[in-house]
Amino acid sequence: MSTLNSKIPEGPLDKKWSDHKDHIRLVNPANKRHIDIIVVGTGLAGGAAAASLAEMGYSVKAFCFQDSPRRAHSIAAQGGINAAKNYQNDGDSTFRLFYDTIKGGDYRAREANVYRLAEVSANIIDQCVAQGVPFARDYGGLLDNRSFGGVQVQRTFYARGQTGQQLLLGAYSAMSRQIGKGTIKMYNRHEMLDVVVVNGKARGIIARNLITGEIERHSAHAVIIATGGYGNVFFLSTNAMGSNVTAAWKIHKKGAFFGNPCYTQIHPTCIPVSGDHQSKLTLMSESLRNDGRIWVPKKKDDNRKPVDIPEEERDYYLERRYPAFGNLVPRDVASRAAKERCDAGYGVGKSKLAVYLDFSDAIKRLGKDAVAAKYGNLFQMYAKITDEDPYATPMRIYPAVHYTMGGIWVDYDLMTTVPGLFALGEANFSDHGANRLGASALMQGLADGYFVIPYTIGDYLADDIRTGKISTSTPEFDEAEKQVKERLNHFINNKGTKPVDHFHKKLGKIMWDKCGMARNEKGLKEAIAEIQELKKEFWKDVRVPGSLNEFNQELEKAGRVADFIELGELMCKDALNRNESCGGHFREEYQTEEGEAMRDDANYAYVAAWEYKGENAEPVLHKEELKFENIKIAQRSYK
Amino acid sequence: MNLLLKIWRQKGPNEQGKMVDYPVTDISEDMSFLEMLDILNDQLVVKGEEPVSFDHDCREGICGMCSLYINGQAHGPERLITTCQLHMRSFKDGETIYIEPWRAKAFPVVKDLVVDRGAFDRIMNVGGFVSVNTGGAQDANCLPVSKIDADKAFDAATCIGCGACVATCKNSSAMLFVSAKVSQLALLPQGKIEATERVLNMVEQMDVEGFGNCTNTGACEVECPKGISLENIARMNREYIVAGVMSEEKKEVTGGF
Chain A
1 MSTLNSKIPE GPLDKKWSDH KDHIRLVNPA NKRHIDIIVV GTGLAGGAAA ASLAEMGYSV
61 KAFCFQDSPR RAHSIAAQGG INAAKNYQND GDSTFRLFYD TIKGGDYRAR EANVYRLAEV
121 SANIIDQCVA QGVPFARDYG GLLDNRSFGG VQVQRTFYAR GQTGQQLLLG AYSAMSRQIG
181 KGTIKMYNRH EMLDVVVVNG KARGIIARNL ITGEIERHSA HAVIIATGGY GNVFFLSTNA
241 MGSNVTAAWK IHKKGAFFGN PCYTQIHPTC IPVSGDHQSK LTLMSESLRN DGRIWVPKKK
301 DDNRKPVDIP EEERDYYLER RYPAFGNLVP RDVASRAAKE RCDAGYGVGK SKLAVYLDFS
361 DAIKRLGKDA VAAKYGNLFQ MYAKITDEDP YATPMRIYPA VHYTMGGIWV DYDLMTTVPG
421 LFALGEANFS DHGANRLGAS ALMQGLADGY FVIPYTIGDY LADDIRTGKI STSTPEFDEA
481 EKQVKERLNH FINNKGTKPV DHFHKKLGKI MWDKCGMARN EKGLKEAIAE IQELKKEFWK
541 DVRVPGSLNE FNQELEKAGR VADFIELGEL MCKDALNRNE SCGGHFREEY QTEEGEAMRD
601 DANYAYVAAW EYKGENAEPV LHKEELKFEN IKIAQRSYK
Chain B
1 MNLLLKIWRQ KGPNEQGKMV DYPVTDISED MSFLEMLDIL NDQLVVKGEE PVSFDHDCRE
61 GICGMCSLYI NGQAHGPERL ITTCQLHMRS FKDGETIYIE PWRAKAFPVV KDLVVDRGAF
121 DRIMNVGGFV SVNTGGAQDA NCLPVSKIDA DKAFDAATCI GCGACVATCK NSSAMLFVSA
181 KVSQLALLPQ GKIEATERVL NMVEQMDVEG FGNCTNTGAC EVECPKGISL ENIARMNREY
241 IVAGVMSEEK KEVTGGF
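Chains A and B supply the protein sequences, listed in that same order.
Just so it is clear: in the first sequence, position 48 is 48 by the working numbering, and no numbers are missing.
Just so it is clear: in the second sequence, position 62 is 62 by the working numbering, and no numbers are missing.
Looking at chain B on its own, in the form it has when it is part of the complex (with noise of 0.2 Å):
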């Protein structure tokens, strides 16, 4: 098939961008999405011009590192998936497709579609986590989990931290991605000794950044590709509030500290 693909060119963050025109011919439906960007590079480069910046690693859906806003939806037409598994099978013979980095403040762009998500990674540094040194772990079965908790909290678990969810929200939130750490960790007893302090830094992190609020408009589950599931934002909303009332009696109680 041929296909027209217009697709977003910046030279740095802070460089102007702009849509530019690249014509690819003879695309099999076979290849993935990824897998046509990789011909039309090889045939700039031997052209002598500038390859198209894109980030893609394991591209089997499971290391987040891909991304594009494909004919203006996260991850391309297909719901469920990320970039790397989409196939051209998706599209038809003329085509065009517009292809755009993720779009959000919080997320500024490194070089044409890479984007740096950082941001999620000092979400993660201030209570993503169980607070448990390596060594000395009691044994695994002195701690059952409800078989229902363990799944929720795995399905939780499941995000690749991609970012779909922020370039898909009209506000850039990035509650779908926060809330499925805090839930996963809320939903199992190792975590809930932290389960205050978590939610209020991250959720405090999450500000810092940048990231807009949340108006439950739902866009986040529909295009997730691993169904994070908008349960989540209610569940950590509840430990937000909770954790708000704690912190006010800790307080009382420890002046302060």
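Bound conformation, chain A alone (with noise of 0.2 Å):
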């Protein structure tokens, strides 16, 4: 029997949130002092919630494996943040931000967390502007917006093609001024590579101090989880090389159910793979495409220069196959799109995984210098990595890997299955369903940090005010860490012939081959079957050169690798389990005649929350039905 408890609280969907924040417990001031909350990664949704509970007067403990809190991967977000303001006057409101992420999540995502984040949507940006945060302005001095897929108003604040930086400088000022006045107790350059359960409660966990090595016990009165996505498990990816999926794997392997696995964001204009050599992929903004035109050959191997080709011989594929959006389709139906015409022969460039991103009617239309006004940087950009001048030529591009909507199975307060231990942001699954919009990862990492947990961790922890410090001294902690040490001490002394990149590239391979942007049953089974005998393979022929005590690249990577791959099998059984096409999830077998994909609201309109049951036993899956009161469940269609 399932032992999901979602708490969605009672009332209508716009009275829910204040209610709730009506009637849960506080913790009175004197006593949040003696309340250790610890928060590992400190990108949006981690930075934010640890500045927060800091200045309500928690006592904070803050991680990261970068060298600065200031460098986490929220960083790199380009575009923009949504926020129901309707600054623009074009009839935005609450519910219709609501309304488009829960269309645009193909209807898998749980209404009442999105329209909590359509409300303090607004709050979040009158909050960063205090903050300092420059902002895009017009003339008059005033908050400039632009639109962004899948939606019909503008209510995307920007800061030029640099959001993400500017938001997550932000709150790491705010994370700052903390650290100054004593209240969050910052570790740079640390991992965690395990949570402590105490009782049936996160009371703490292990992380390792990566410039010594030396293995470090911390306790706390609830832990916070906020280390991002694991779109890393691909290898080849837009995330950044440290991205990892550990501290949710770990969480996960402690009692917390993972939510929906299998939905992974493919970004469809990516600069393509231009050898074997490539270690990460670079995505060219989501903007490009309101002016870019996409395209391949008419002909298959067409091996002409894309100028030479005369336009009666280009397939605008977008164009003609959703007139009413053309290119501005949303992310998932852009990426499929493209990987059709490839799979049928028409790719372009030397491996023929590319489709071309036109601006020469855009140049026509308004000029050159109009075009670098709003693109330059990305054009720079673009020119850097591939020598080739897009303003001559068309841009080639590729979907790759981006973000994950999978993540931490949460409840309305943002708490996991374990009592005490909270995911945030990309880490958890909520809100975004089977797809994210543009624009809406930050929008939700700082709606977590900033305006949902400062008040639901109260609730929680209005029981801790008597239970005084939390020892390291138990056997709780010594067991955790045992652990942890003998796993970094079998990487050391295992002595193998292979670099752990040599088994993560093997995984990203399997993972983009079957379990990428289109599945199947066959594929997936395959792949289960593959990543096992990989998994034995790692384990017994990896390579970790030097030692546990000291910097040590390698070893980290090996820890995470161990995780990724052990995810990978879920992913796959739960994209096996999925017998529908939904958003980032599509089934090969499960689409129209004409290619679009077909949900089964009637068998798969649930949450996929799975349990670990351990090493060689099969995760057991619990399903949160999802109840569309306030919306009409209805096909997408961009046509």
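Calculated from the structure, these hints are not laboratory results.
Treat the hints with caution; some may be incorrect.
[Claimed, not checked] The calculated lysine to aspartate or glutamate pairs, modelled on EDC-like cross-linking and capped at a C-alpha distance of 16 Å, are:
1) A:K495 with A:E479
2) A:K498 with B:E49
3) A:K505 with B:D42
4) A:K300 with A:E319
5) A:K495 with B:E197
6) B:K11 with A:E550
7) A:K498 with B:D42
8) A:K495 with B:E78
9) A:K384 with B:E29
10) A:K352 with A:D301
11) A:K495 with B:D42
12) A:K498 with A:E479
13) B:K47 with A:D541
14) A:K384 with B:E49
15) B:K147 with A:D301
16) A:K181 with B:E197
17) A:K374 with B:E78
18) A:K506 with B:D42
[Claimed, not checked] Label pairs and their computed distance ranges (CB to CB):
19) B:K192 with A:H23: 57 to 65 Å
20) A:R25 with B:K170: 58 to 66 Å
21) A:R304 with B:K192: 53 to 61 Å
22) B:L80 with A:V273: 21 to 29 Å
23) B:M19 with A:L366: 49 to 57 Å
[What the hints assert, rightly or not] Here are some, though not all, of the chain B residues that point toward chain A, as calculated from beta-carbon distances under 10 Å:
24) G12
25) T25
26) L34
27) G48
28) C58
29) R117
30) M246
Note that CB positions come from ideal geometry on N, CA and C, so glycine has one too.
With the hints in hand, could you dock these two chains into one complex?
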């Protein structure tokens, strides 16, 4: 029987959050000082949470694996952040942002959470401006907006092509202030390697000091995981090299259910892979699809230069298939269409795994200077990487792994299935359903960190005001530390023949080929078997040089890849279980005659939450039924 | 292409370091500089040698984690990019490439090419913020900011905190880094209230950390991957002088409190 309780408050949708806030328990200021909270990860969600909780008076310990909290990968987000401000007077509202997000997510997100997200979105902009985040402004000095895919209003706030950077530096500045005051104790270059559960409650973590290699025990009354997504399971993705699933995977193994692991977002416009040496992929912002037109030659294996291919021999396939939205269809739709053309033999470039994104019409219409003013930094980035001039020849682009909608299952209070253990931001599964809309990731991370967890965590901690300091000298800490050390020792002593990257690349290839943009039963079953085989090989043959008690980047990677391998298997199992196509999850068996995704609302309108049952046991599926009371569930159409 | 790499190897902060030769072969010009180092490292691991430690993360020029002094230049020979955005087509077949860590007293070496830039965080902790708690902020449009100021503040705010300015400066000065934050907040109405304390505290911390002073050579601006302008240093100097006067006045009024 299912043990999931999403704790969605009673009452009408637009009153749930305010009523909930009015009735949950509080912790008084004098007691807050005696309560410790651990926050792992310092991106938008973790940074915002750490700063806000410290301001409130809690005693916070924050951890990041980078050399400074300012480096978290939220910093790389380009386009913008959505908020239902209606500054453009175009009819935007909380309900519309809610509706667009549910629809964009292909009706696989929880209504109450998404509504709350839309509700607090406006506060985020206010908060960031107060911190000194330099958003784009118009000549009257007021904030400017732009439009993003899948919506019909202008609600995206931005800071040139570096919105994520500016928002993260805002959260970092709020953290810095608290670090200076001593209310946040910051642990840079520390990696969480396990959570410690005492009497069923999360009471601390085991972390490795990445400089000295020392294994440390840290206790707290609650633990927050805000460690981002797991796109690097594919090896190649737009994620940073260090982005990993380890914290999320460790808590999964200690009892936190993993929600919808198969929901992966493949971003349609990235710079294609140039060779086997490639270590990561670079995104070209969605905003480019406002003016760029996507096409492939009508003839297979057409090796002419793109500028030599006449207009009538080009297939603008998005405009052809989706006349209403054209080049601005949502990400999942655009990505699948590119794959379909390349698989059919119409791809371009050396690898034939690319399509053109062409600005010649826009340059003719607006002039080169106007295009440069809008997209200059992206064009420059493209030219640096490919050595081609996108003003003179079309860009070559191909989809790449970008974001993971799946993550740790949480209830309305953002608490996992382990009491006292919370998950925020991309690390949790909530809000985006099966597909995330552009400019919504920043919104969710900051909503969770600034405006949700500061309230909801109090309700849990109200029971802990008399607990006192949590000791780290307990059998639970001993055991967790012992396991962490055994595993690290195994890596160092293994003396295999192949470096960590060898296995990571192999895993990435299996995942991309069989659990990527299109999946089918046969492929997924093969992938599961191949991953199980790879896991054995990895543990037998991985080579990690150096020692435990020093700065050792190969050792860090080994632990992360070991977790990615296990996660990869669960992703395939989840994809195999979901016999429908929805959002980023496309099962080839479930499509219409025109190749569009076919959902099965009767059987799969649920969150798949997986429970870990041990090393060689099958994970157990729990279902959280999704109820749509305020939105009529419908087939998505962008035709 | 085939290259000879001369790389700084140093076991730990207090160990003696040295340059070590590593020939690499079959390097594609489409590779990024860090991908070339990935290949070298995988080869070293298979041979049972210790790979070269270097900092990196986003590999798209925004996180500020990567560093490296390449042939005597911070972030290598190209302008306005970080090391992770540098591609091998910027080098010639047969070339010898010298790779060293950032060199500055305030950035001690952790291992090989990795340095400790914690000093930057500590400077931020004493003033790189607006003192505003979460919750209760007024509507964002209640605070109009002229587009010119907003754009200038943004330009200063694009600093990625990589430390190339310090590594490049003959005095190891952190003026460009500190002035970028001071400028961003001084240009915005939100930051004005605390402008005096901010600039005094941040400059004081900068000195405590052991960074040198600015002698206006301008090398930092040239090597900055984000093109942060020297104008910010001028603005910080102005803010600093004004703050000095203001704080004297304040002392007279409050008797030192």
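Compare the distance between the alpha carbons of A:K495 and B:E197 with 16 Å, and conclude whether the hinted pair is satisfied. Violated, at about 55 Å.
Do the Cβ positions of B:M19 and A:L366 conform to the proposed distance bound of 49 to 57 Å? holds (52 Å)
Keeping to a limit of 16 Å between CA atoms, is the pair of A:K495 and B:D42 held or broken? holds (14 Å)
Close enough to count: is the Cβ of B:R117 nearer than 10 Å to one in chain A? holds (6 Å)
Would the hint linking A:K498 and A:E479 be met if the CA-CA limit is 16 Å? At roughly 30 Å apart (the allowed maximum being 16 Å), A:E479 and A:K498 break the hint.
Answer holds if the nearest beta-carbon of chain A is closer than 10 Å to that of B:T25; otherwise answer violated. Violated - the Cβ of B:T25 stays beyond 10 Å from chain A, reaching only about 13 Å at its closest.
Do the beta carbons of A:R25 and B:K170 sit within 58 to 66 Å of each other? Between A:R25 and B:K170, where Cβ atoms are some 59 Å apart, the hint holds.
Is the interface hint for B:C58 satisfied, with its Cβ closer than 10 Å to some Cβ of chain A? holds (4 Å)
When the least beta-carbon distance from B:L34 to chain A is tested against 10 Å, hint result: Since chain A brings a Cβ to about 7 Å from B:L34, closer than 10 Å, the hint holds.
Measure nothing beyond the straight line between the CA atoms of B:K47 and A:D541; if it is 16 Å or shorter, mark the hint as holding. With Cα atoms ~14 Å apart, B:K47 and A:D541 stay inside 16 Å; holds.
Hinted pair B:K147 and A:D301, Cα distance within 16 Å: Judged against 16 Å, a Cα distance of about 49 Å means the pair is violated.
Verify the proposed pairing of A:K384 with B:E49, using a straight-line Cα cut of 16 Å. violated (33 Å)
When each numbered hint is compared with the structure, violations occur for hints 1, 4, 5, 8, 12, 14, 15, 17, 19, 25 and 30.
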